[in-house]
Amino acid sequence: MSNEHIDEISGITTTGHEWDGIKELNNPLPRWWVITFYITVAWALAYTIAYPAWPMLSSATRGVLGFSSRNDVKNEMAAADAAKAKYVTAIQSKTVSEIAADDTLREFAVAAGGAAFKVNCVQCHGSGAQGSTGFPNLNDDDWLWGGKAEEIQQTITHGIRFAADPDTRQSEMTPFADVLKPEQIAQVSAYVASLSGPVQDKSLIEPGAKVFADNCAACHGENAKGNRDLGAPNLTDAIWLHGSGEAAIAAQVRAPKNGVMPAWVGRLGETTVKELAVYVHSLGGGE
Amino acid sequence: MLDQSQVERLEAEAVNSAKTRQPLYAARKKIFPKRASGRFRQFKWLVMAITLGIYYLTPWLRWDRGPFAPNQAVLIDLANRRFYFFFIEIWPQEFYYVAGLLMMAGVGLFLITSTVGRAWCGYTCPQTVWVDLFLVVERAIEGDRNARMKLDAAAWSARKLFLRVSKHAIWLVIAVATGGAWIFYFADAPKLLGEVVTGTAAPIAYATIAVLTGTTYVLGGLMREQVCTYMCPWPRIQAAMLDENSLTVTYNDWRGEPRSRHAKKASAAGQSVGDCVDCNACVAVCPMGIDIRDGQQLECITCALCIDACDSVMDKLGRERGLISYATLADYNANMALATSGGTGPVNPALVRTPSGSFADGLAHFHLGKIFRLRTYIYLGVWSAIGLVLVYSLLTRERLELNVLHDRNPQFVTLSDGSIRNGYTVKLLNMIPEPRTVEITLHGLDGGEMSIVGVDQSASRSFSIPVEPDRLKTLKVFVRQPADQIRKPAQSFEFHIGDTASSETAEYTATFNAPENSR
Numbered sequence: 000m001s002n003e004h005i006d007e008i009s010g011i012t013t014t015g016h017e018w019d020g021i022k023e024l025n026n027p028l029p030r031w032w033v034i035t036f037y038i039t040v041a042w043a044l045a046y047t048i049a050y051p052a053w054p055m056l057s058s059a060t061r062g063v064l065g066f067s068s069r070n071d072v073k074n075e076m077a078a079a080d081a082a083k084a085k086y087v088t089a090i091q092s093k094t095v096s097e098i099a100a101d102d103t104l105r106e107f108a109v110a111a112g113g114a115a116f117k118v119n120c121v122q123c124h125g126s127g128a129q130g131s132t133g134f135p136n137l138n139d140d141d142w143l144w145g146g147k148a149e150e151i152q153q154t155i156t157h158g159i160r161f162a163a164d165p166d167t168r169q170s171e172m173t174p175f176a177d178v179l180k181p182e183q184i185a186q187v188s189a190y191v192a193s194l195s196g197p198v199q200d201k202s203l204i205e206p207g208a209k210v211f212a213d214n215c216a217a218c219h220g221e222n223a224k225g226n227r228d229l230g231a232p233n234l235t236d237a238i239w240l241h242g243s244g245e246a247a248i249a250a251q252v253r254a255p256k257n258g259v260m261p262a263w264v265g266r267l268g269e270t271t272v273k274e275l276a277v278y279v280h281s282l283g284g285g286e
Numbered sequence: 000m001l002d003q004s005q006v007e008r009l010e011a012e013a014v015n016s017a018k019t020r021q022p023l024y025a026a027r028k029k030i031f032p033k034r035a036s037g038r039f040r041q042f043k044w045l046v047m048a049i050t051l052g053i054y055y056l057t058p059w060l061r062w063d064r065g066p067f068a069p070n071q072a073v074l075i076d077l078a079n080r081r082f083y084f085f086f087i088e089i090w091p092q093e094f095y096y097v098a099g100l101l102m103m104a105g106v107g108l109f110l111i112t113s114t115v116g117r118a119w120c121g122y123t124c125p126q127t128v129w130v131d132l133f134l135v136v137e138r139a140i141e142g143d144r145n146a147r148m149k150l151d152a153a154a155w156s157a158r159k160l161f162l163r164v165s166k167h168a169i170w171l172v173i174a175v176a177t178g179g180a181w182i183f184y185f186a187d188a189p190k191l192l193g194e195v196v197t198g199t200a201a202p203i204a205y206a207t208i209a210v211l212t213g214t215t216y217v218l219g220g221l222m223r224e225q226v227c228t229y230m231c232p233w234p235r236i237q238a239a240m241l242d243e244n245s246l247t248v249t250y251n252d253w254r255g256e257p258r259s260r261h262a263k264k265a266s267a268a269g270q271s272v273g274d275c276v277d278c279n280a281c282v283a284v285c286p287m288g289i290d291i292r293d294g295q296q297l298e299c300i301t302c303a304l305c306i307d308a309c310d311s312v313m314d315k316l317g318r319e320r321g322l323i324s325y326a327t328l329a330d331y332n333a334n335m336a337l338a339t340s341g342g343t344g345p346v347n348p349a350l351v352r353t354p355s356g357s358f359a360d361g362l363a364h365f366h367l368g369k370i371f372r373l374r375t376y377i378y379l380g381v382w383s384a385i386g387l388v389l390v391y392s393l394l395t396r397e398r399l400e401l402n403v404l405h406d407r408n409p410q411f412v413t414l415s416d417g418s419i420r421n422g423y424t425v426k427l428l429n430m431i432p433e434p435r436t437v438e439i440t441l442h443g444l445d446g447g448e449m450s451i452v453g454v455d456q457s458a459s460r461s462f463s464i465p466v467e468p469d470r471l472k473t474l475k476v477f478v479r480q481p482a483d484q485i486r487k488p489a490q491s492f493e494f495h496i497g498d499t500a501s502s503e504t505a506e507y508t509a510t511f512n513a514p515e516n517s518r
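Respectively, the protein sequence lines represent chains A and B. Heads up: the first sequence runs through residues 0 to 286, numbered per numbering that gives the first Met the number 0. Heads up: the second sequence runs through residues 0 to 518, numbered per numbering that gives the first Met the number 0.
Pulled out of the complex, with its shape left as it was, chain B reads as follows (with noise of 0.2 angstroms):
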């Protein structure tokens, strides 16, 4: 076990400190945070490793629609305008599947960071993990910190020169690659990546890449944190949703307090010394470069690498975990009430102990129940709700619809007869990747009967259509009356279609219009 004076004192200090609080819009002080590890930094690993192996794999997952259709299992053919996610095609009216998951992402935030606080910036954030993988590529060719903040120091020199081209051009590529995957998207990515490759991709592929490059470039690996301080509006947003029981990483002062490089001697002195031995580790490995006993910040997006560098230390001194831990605003104020006597004077961390040095029984700890309270109810309820009534939608879609457009101009024509007859454009879609026979039938308007334009066919009450797989066929269909049958100026009758080969049918009432004096 280390003694505290043993603990290394590294010469970290936060870019927003209270103390020295720079003005908000000035130079950015650079920050080159250190190599954390333990749970939280496994855990981010992790979900660093899903999140990228899911974008950049995903194009490439084969899914078998037939020959009809493409197989992608992942595909926005804008194009076509189809959208595919294995079994399921989207076409472009059917978007509101999108806005529903849109709205469950919304609601799912709300969730998130009502219980586990801004979980979303510290781990699965984009920008985030991409920093992250831009700090693994600038550590393994500059070193760890004290190496980064040396060479950042030194003078320019063949080495420093090499290094830093090194690093700048792993970051293109990854850059490069970052903006090559968002295209496979689109298209055919087997097909896209041979293009791309032989210059023969559509300049707007090229365009893509370049700009997704330059964005993953700029905000990953040179402006990084900046981005989470000026230019991104959540942590105004996920600030506001947070409450007194939502997790946050917090300091907790009422056992750090008063911190001290020198407790045995201020303990000797008869000072009261809390566990804090003011090692700077937090700040060292903050990749926001605050310090999080400064209390909960604007900056900090709790991807809670400071509480692995505490715990460690913690180890090492022998004392509990978690000095630095995710905790809600309530537990803290209870702990902090009972160290400062109810808010009466300074933090004694005597309060906190009994007197063999285990925490006192009255200390609020945190445990799951915690984050179920009714705002997580509804919260969860309102994302079931949105994704049951989607699940339903879907299971219970139909594939085979029409869409009747009654002529208006003209209403109706008077035949050389003194039958009526009403022009209607009907469209026919078969939305399966599977050619269809359509059968369209007339149902009511006593002795009407319909023809197709382009359809070789005498006038009949009903027709076979041939529609084309995962494609919209528009008719143009004239229903014709004899006069004696016309009962009144409107009558309402229905166009009928049904798959000859399945069960699958649809309906559409549609106006019959005649002029006033045609009985």
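This is chain A alone, in the form it adopts within the complex (with noise of 0.2 angstroms):
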């Protein structure tokens, strides 16, 4: 080469590159150095060979091999639902009570049903299953159409006063503020508080008794304990789906509000509603 040019220190041929006044000395690479560099450039050759790597017009080649994530994605899915499919099948075979008093099955449908709880049932119910007002706590002891692990898959499967499942849970209670006078819906409110704490006005609840005996019994029993056949709640306990005192209960008295829940047997199919029950009567309140 014309333009050689040997540096003076260290008698090295440089590589004839300058950088203000720098210039590169053009010492040899270790062998093995090379050959492992001639190595990368040939497997990453043969890399966008094997896999999908050259961009064409509309997509990109797609690789000798075959590969696609959503192939991989694919496998894993398939294997995961294979490593499941043991527990999975013993959940189909057997009652929600049968899994809930199976240590290792009630563990996978907690697990399984939790999911499934996060992604269809907080929108309503909370995250925590906690509820709020109007969209009952999950966790409590307080069930409207019972507590027991099949009881509340029949109410997950059909829903509740949802017009689409001929088999919903169904109940409506009657508007009273055309049935009752303004007085009478105020003492039946004073009773009904009565039972679960103190009042203003205690004269109002001997008249609202009896209100209520004529009025109300006839669903939510002699005592006003309620009657889960039609979703009657307790109205003695501390729990207060709508709002706890007389104002809230006057309001739930006069135009009542009666909550709707989805049918979801049709949409998560039977498996994840079993695992959805068993994860329900783990909160704490099954029965």
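Some hints could be false.
Partial chain A-side listing against chain B, Cβ under 8 angstroms, derived [what the hints assert, rightly or not]:
hint	residue
1	His-4
2	Pro-29
3	Gly-127
4	Asn-136
5	Asn-138
6	Asp-140
7	Asn-233
No farther apart than 30 angstroms at their CA atoms in a straight line, the calculated lysine-lysine pairs in the DSBU-like style are these [as the list claims (entries may be wrong)]:
hint	chain 1	residue 1	chain 2	residue 2
8	B	Lys-472	A	Lys-147
9	B	Lys-472	A	Lys-85
10	B	Lys-475	B	Lys-426
11	B	Lys-159	A	Lys-117
Note that these hints are calculated values from the structure, not bench results. Note that this is a predicted model, so its numbers are computed, not measured. Even for Gly, the Cβ is constructed at its ideal location relative to N, Cα and C.
Now that you have both chains on their own, put them together as the hints suggest.
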């Protein structure tokens, strides 16, 4: 080469590149290094042939190995399903009470049900299943339609007041605004509130009890303990779905809110519904 | 006694000699280390036997831990996340023992390096040990240095092919055995051996063997000294830890120079001559291919084989051993000052000797006291302190533990009778390989009772829970307190656990939450 230049100090040729007077010595690389470098180049080229790599007009080359990350996900999901199959089959063949009684199956169902709950149920019942006004708390021991695992399963399967499902749990509280006089509503509200706590005007309790016996006992029971066949709540306990106190009770008597829950079996399938039932049952209030 | 000129001169040249210094990146110069014999070679054989013995045999040692735990003395059970070391069993959260051991190894290395220099490199580094082993094979098949050089230079023939193939075949066998021994640390060795032989072992076992076979063969057989010179960060780190009182392998110019092949002629001509007869024995035996007489070098792993080579030559000549010796820089500098009259002239061997030929009184000689200095004591102190803390913590560690997670969502639940319930995830850790029955009790929280999901027992303040050997048991516990006993929104109480058979106990302070208005 005509432009070859030898560094005076080291006696080694330079590459001819120069930056601000600094020249690069052309020291040879160790042979193993060079070989390794060529191997990586060859590897990289082979890789682009083996795997999807080169961009084309509308897509990219597919690679001769046929790899795709979508397939990977599919395979991993299939492997996960296969790993779960043992438990899923057992869950399909057993009743929810049996599942809840079996340590291993319960653990699996609670995990699976918990996951399904977080996707499908938290919108109304809250992420801790703690509910809110109008949406029942599923942790407590007060159940409108029954707290046994089978009863919970029935509720999730067919829903509550869900018109599209003929087997749905059905009941409706009469709006008493047109049936009772305002003072009667005040009296019965005071009576109901007195069953679980103090009230302001004790004189209302006695006439309220009479109004209750005439109008409410049919569904809520003579002792106001409720009736699960009708989803009629127990009015003597500390838990109030639509708010506690005379005013909230009076509002509910005048124009009752009747909560609705969809039937989930069509959407989630029987196995998931079972897992959900076991999960809800395990939250602490299960009977 | 031999005359100087009768000592065989070896045609050896250092690969990194200053006169012919290669550019840093250059084709490798082949090195054919000659067999050395002597004290250090003996010591290296011993170290090699011990280190290889430990590596290959450890997985086969048995240790009885009863029916519920493996009986392999040293086992890293990744699948079950347990590490067994004789009588010690470590759970993943106790990994700080390993961290402590690594710290001790680090400080220990500082200690060793600051006192005896790069002893790790020269004697115990796996790279050194396996290269040594591979050289044994090479010598046995191809002969010693000269035969190997001749063979290397010779044209290909059936004999050369046979020798080369058998050498590489044996190297590969050793490499496979090395990779093979590694996997036995991770599973039951006898069972795994059977599986490996019959082809039923896990793919990762074969992959591990393949990778370690490759690295052993390439690093130990083919790359050898290049690993230490180019790839290993250790020489740089270790060099930074040496000081003037650390032992390094040193060529003592003060008695060796001026070196001469023809000492008799030279001294007859009135020139001064040193002890070095320039026989190159030290260069020929060096596995790194350097010339120790050029002074301390990055490449030197202080394997001390040059000391052995030089000592045997000195013995033959009837001179004192130690022309090349372990010496500290301080001693070397003192002796050099003596030999050069304080650096004013060239080395004059006459200055370090009495007229009768023995060493002068003023010479500095090494004695063991020199390696004990403040630095040594600090390293020793730190090293022992970490060790003692580890031992103390090992002897007093809990084998029954309890972890409690308070449910946050919801924090509390009001029940129909007005009482308040909190949920807890309670984890019982039975860290011994025996099944145990653990009694879990509530302490504090007036009127509080608990119930456990999946345990068919009415609410109580105490439950007996069977826990499997060497396992963690997770319980979902609900604690309930009547409304009239709740004193404040957040109350502290304890979960107390105890082994019903032994006196082991553990407790955990938890919080019980209630709404502000619940009283």
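Each hint tested on the structure:
no., hint, in the structure
1, His-4, "violated, 16 angstroms"
2, Pro-29, "holds, 5 angstroms"
3, Gly-127, "holds, 3 angstroms"
4, Asn-136, "holds, 7 angstroms"
5, Asn-138, "holds, 4 angstroms"
6, Asp-140, "holds, 5 angstroms"
7, Asn-233, "holds, 7 angstroms"
8, B:Lys-472 to A:Lys-147, "holds, 26 angstroms"
9, B:Lys-472 to A:Lys-85, "holds, 22 angstroms"
10, B:Lys-475 to B:Lys-426, "holds, 9 angstroms"
11, B:Lys-159 to A:Lys-117, "violated, 73 angstroms"
Of the numbered hints stated above, those contradicted by the structure are hints 1, 11, listed in ascending order.
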